[in-house]
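Q: The lines below spell out each chain.
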Amino acid sequence: MLRKRITQNILIGIIIMMVSSLMYIGISIVSQAAPFQEMYHWANAAENMLLMTKIDDEIQRTVNWYENRTEVEQVISYETDMVNIEYENNDKSITEMILLTQYLNNNDVDILYSDSKTIARAPKGNEIIVSHNFAKGRNLEIGDTLRYKYKEQEFELIISSIVVDPQFSTVFMTPSRCFVDPDFFEANNIVNSMQILSVKYYDIENIDDAAIFAEFSQTQSDISSPIFIGYKSIENSYNIVMGIIAAILIVVSVMIFIIVVFVIKNTLQNQILNQYKQIGVKKAIGYTNTQIRNSMFLVYGMIGIVSSILGVIIGLPI
Amino acid sequence: MKKIVLEGKGLCKTFSNGHLAANVIRNLDVEIYEGDFTVIMGTSGAGKSTLLYMLSGIDTITSGEITLKDKRIDKMKEKEMADIRRKDIGFVFQEPNLLEEFNVFENVAMSGYLQTKDRSKINERCEKLIAEVDMTEHKEKYPSQLSGGQKQRVAIIRSLINNPDIVFADEPTGALNAAQSDAVFNLLTQIHEKGQSILMVTHDIKAASLANRLLYIKDGKIDGELELDKFETGKIQDREKQVFDFVMNKGW
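Residue numbers (our numbering), protein chains in the order written: chain F, 541 to 858; chain X, 616 to 867.
Please note: incorrect hints may appear among the correct ones.
Said to hold, decoys possible - Below, simulated BS3-like cross-link-like pairs (lysine-lysine); rule was C-alpha separation at most 30 Å, straight line:
hint	chain 1	residue 1	chain 2	residue 2
1	X	Lys809	X	Lys624
2	F	Lys817	X	Lys690
3	F	Lys817	X	Lys702
4	X	Lys624	X	Lys686
5	X	Lys833	X	Lys684
6	X	Lys743	F	Lys823
7	X	Lys736	F	Lys823
8	X	Lys756	F	Lys817
9	F	Lys823	X	Lys624
10	X	Lys690	F	Lys823
11	X	Lys732	F	Lys823
12	F	Lys823	X	Lys684
13	X	Lys690	X	Lys836
14	X	Lys694	F	Lys817
15	X	Lys617	X	Lys836
16	X	Lys732	X	Lys694
17	F	Lys823	X	Lys836
18	X	Lys756	X	Lys736
19	F	Lys805	X	Lys694
Stated by the list, open to error - Restraint ranges, calculated between C-beta atoms of paired labels, are given here:
hint	chain 1	residue 1	chain 2	residue 2	range
20	F	Thr807	X	Glu840	48 to 54 Å
21	X	Arg687	F	Asn834	26 to 32 Å
22	X	Thr677	F	Leu813	26 to 32 Å
To be clear, the hints were calculated from the coordinates, so they are not data collected in a lab.
In this text, all values refer to a predicted model and were calculated from it rather than measured experimentally.
Yeah, the Cβ is synthetic: ideal placement off N, Cα and C, and Gly gets one too.
Chain X with its partners taken away, still in its complex shape (with noise of 0.2 Å):
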């Protein structure tokens, strides 16, 4: 039996404009395990993104419950929210989103900083991060001179700085090219190995297909499951296709 990291219970999401109000996410429930990489997939407007900030408290919810190891995140003050997104998530966007004002090792380090006095265990560990995705040479560069696919892996890194219970990542490789993806990919199986509990929302099989387990949303509801087994690099093809043929299923 699985540990639960991530509980959402009966969750809804209305966005309003006046008169006009469009329910996105339908009294939904979903568990996230811990340890699991869990893929989001699902048609555009299906509302996999918001459920992906709903989870993440970056948005707020209309109605339900979301639990993050045994903590009631959606009723939690700014500043206790602040906190969880400072220790218990990370957050990996479509843009990598780096700090233009920090170089790189600044842009890692900085929510371990915001988080605790003693630097210098953070700086050990960024440090660290920083060697597993052969950035060392770059660690002094600032955003502005560095490659996009090498700003999304910073990006990754910043995200796991102060060990989260999960990780979120919203397309991660939406803007990168084919090159360029494939690093982020191998960081995410990576650290996935390492026992991190990973969330992501995408539309590339590719990227769904390092998965161990995949969701698909349809109208604002979970519309079905699919476990896949551990991966292995020789298997890519299989996995891919086992996806493919799941989501084409369900109408993607």
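In isolation and in its complexed conformation, chain F is listed as follows (with noise of 0.2 Å):
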């Protein structure tokens, strides 16, 4: 009695270490899935940057200085221009200053990361592209006006999408960096303060952004005055964010582990406890042992393999 006990219990056990292995790699399989992975890969290779003043020589020259070393793949710059905007919340005029940034399409990668409801695109003439975090603080929406006075002109900005920011640094991606249609500047004779320039390394790892920084400075001394923000320099709470995010996957799944474990250990022990009569009747009329495991171990295995793998591939769209 009690040796059947404890095979019965070991079969259990194994079908449940079945099931919940393949429910685990599932699980693993659906958090590293893409578009994360490749938003991640895309931001690290664009994190160094400088922040200058518009002087259109000193930016083609510092372009230049860069796109000449072997280490750098690519070299973009955006203009940008600190601006007061004003939008309606709740029946109130509210003015607030953003960064109003040139959209970009960089990098060979045209995806813009749009939140979960819309279709996002790139910006063009007047639409104005926000981060997800703006628009939620701010009950905006799509279609939304967002007034932006410029010397003489007043441009009525209308959003067309809702976005996850597309640079995604930890820098600069603040809530308030919208973009804009490339040539929108350039259309509206707007003189921007400022130009953003982001420097694209082959092997963001083994750059030295100090030395790099320090050449720069001493063979481009005549430069007026350069912010550098090096990839080293925000590594650190890069990787407090993605240590947290690693963190909370990892406990989330481990929890998921164990209720799943213990829901299908009494499902299981339930429903052969409920057969216990017709596996008396089955060895009354000459089953054996081994026969009767065997039809427990294929009907519970297949319901397993069957249930797993249908898990895994409901779960990857997500």
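Mind docking these for me? Both chains are given alone in their own frames, and the hints should help you get the complex.
A: Written out as structure tokens, the structure is:
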């Protein structure tokens, strides 16, 4: 009798291990799926930045200096303006400062990471893209208007998409960073106060920011006031964010694992106990213990395998 | 001299629960003869069902010997025992206990299928048995679609599929009404007439009067035995009276 119970528990244990390890694999696959990975990868590669005043000559010289270096893959300059915009929130007119940035479709990545409700696309004409956090905090929706005054002109910028910041940098991913058509500044004769330079390195892990900046300062000493933000200087905060996300994922998956183990164990135990009489009858008409055990393995094994596969398939698109 | 099909010697069964132990069967000797319809009667708790389960190898014994056709079955390993249960023993429970996931035909044929790979022979025998109990039109039905009596008749022919040496029945009519019971009695009489050995435990005088040998059990021992003549349909009331007098005399 005792032996029977032990073998039964081993059987249940094996099935639980099988099902839950498959589920665990499924969870890990799902949690690592795109687009997060693509987003992180892209963010890592475009981290080094220079913020500087707008003097065309200086920008060009800086870009040239970076482009001639072997470790640099690409240099991009964004026109950016710090502006006051006005919008309605709960029938109140609010004025707020935002960072109006050119949207450049660079780095061969033409995906704008939209929030889940909308399909994002590049801004055109008087359209503006705002970040999810910005819109959420201010009750803004697609189609709402942000008013912007420049000298004598007044612009009505219409929100066309709500996105996760495509830059995805801990420094520049401020909620108040909004994107406009690349030609917006030029078409409306807006003279910008600054330019952001983004440098993409081939191997971000082996870059010595400080040495590069020292070299830059020496050779380009006549450039007025460069502000340098290197990857290493923001890596810590970056790692903390990544660490928190990883920790949450691990804790959640361990919790799900434990819950799944108990739920499946109880369910199977109940199912087998409910068949107590049936098993007795089968033994009485001449089934051997092995035959009964095999039929159980077959049924619960099949259920386990099929449900695990289904779980992974259903889980993947999320 | 009749041939012995099943023999128990010095059988003991003790149920223990911590410090409490109940000796349900005490040093009991029993012989069941081939071709007999033997009935075990006794008061509740006398140990008749326990004896039946012990003899059929469903329950273990505390001490003693059980011999089924020259084979010691009390010391057998689980695998050999499964073989014996399949080939040499048929068992009918109080509840029909059919396998719900199989239909009538499959239920009857199942232990045959377990024994041999030659299914055509089993199928043939199965058809024959089903026809004998007038269930041919119901053979594709599932147990949940049948009445209690029909299910019990299926359970009886299920026990016969492998031509067992002996059929055990534990109060087969205990859960049935009078009309359904009669059908089951007829079936049991029929198979007995064909030479099948049957060992049945019952509370029912009418069921007991079908038998040709009656064992009375009291306090874990055989307290008396009654031999009856060959069964004849017309004399059922006489037999019932004979049985009734016997068991009443024993303090039933």
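Q: It remains to establish, for every hint, whether it holds in the given structure.
A: How the hints compare with the structure:
no. : hint                            : in the structure
1   : X:Lys809 / X:Lys624             : 28 Å, holds
2   : F:Lys817 / X:Lys690             : 25 Å, holds
3   : F:Lys817 / X:Lys702             : 21 Å, holds
4   : X:Lys624 / X:Lys686             : 13 Å, holds
5   : X:Lys833 / X:Lys684             : 27 Å, holds
6   : X:Lys743 / F:Lys823             : 25 Å, holds
7   : X:Lys736 / F:Lys823             : 23 Å, holds
8   : X:Lys756 / F:Lys817             : 21 Å, holds
9   : F:Lys823 / X:Lys624             : 25 Å, holds
10  : X:Lys690 / F:Lys823             : 17 Å, holds
11  : X:Lys732 / F:Lys823             : 19 Å, holds
12  : F:Lys823 / X:Lys684             : 21 Å, holds
13  : X:Lys690 / X:Lys836             : 23 Å, holds
14  : X:Lys694 / F:Lys817             : 20 Å, holds
15  : X:Lys617 / X:Lys836             : 23 Å, holds
16  : X:Lys732 / X:Lys694             : 18 Å, holds
17  : F:Lys823 / X:Lys836             : 28 Å, holds
18  : X:Lys756 / X:Lys736             : 22 Å, holds
19  : F:Lys805 / X:Lys694             : 29 Å, holds
20  : F:Thr807 / X:Glu840: 48 to 54 Å : 52 Å, holds
21  : X:Arg687 / F:Asn834: 26 to 32 Å : 28 Å, holds
22  : X:Thr677 / F:Leu813: 26 to 32 Å : 27 Å, holds
Hint compliance for this structure: no hint is broken.
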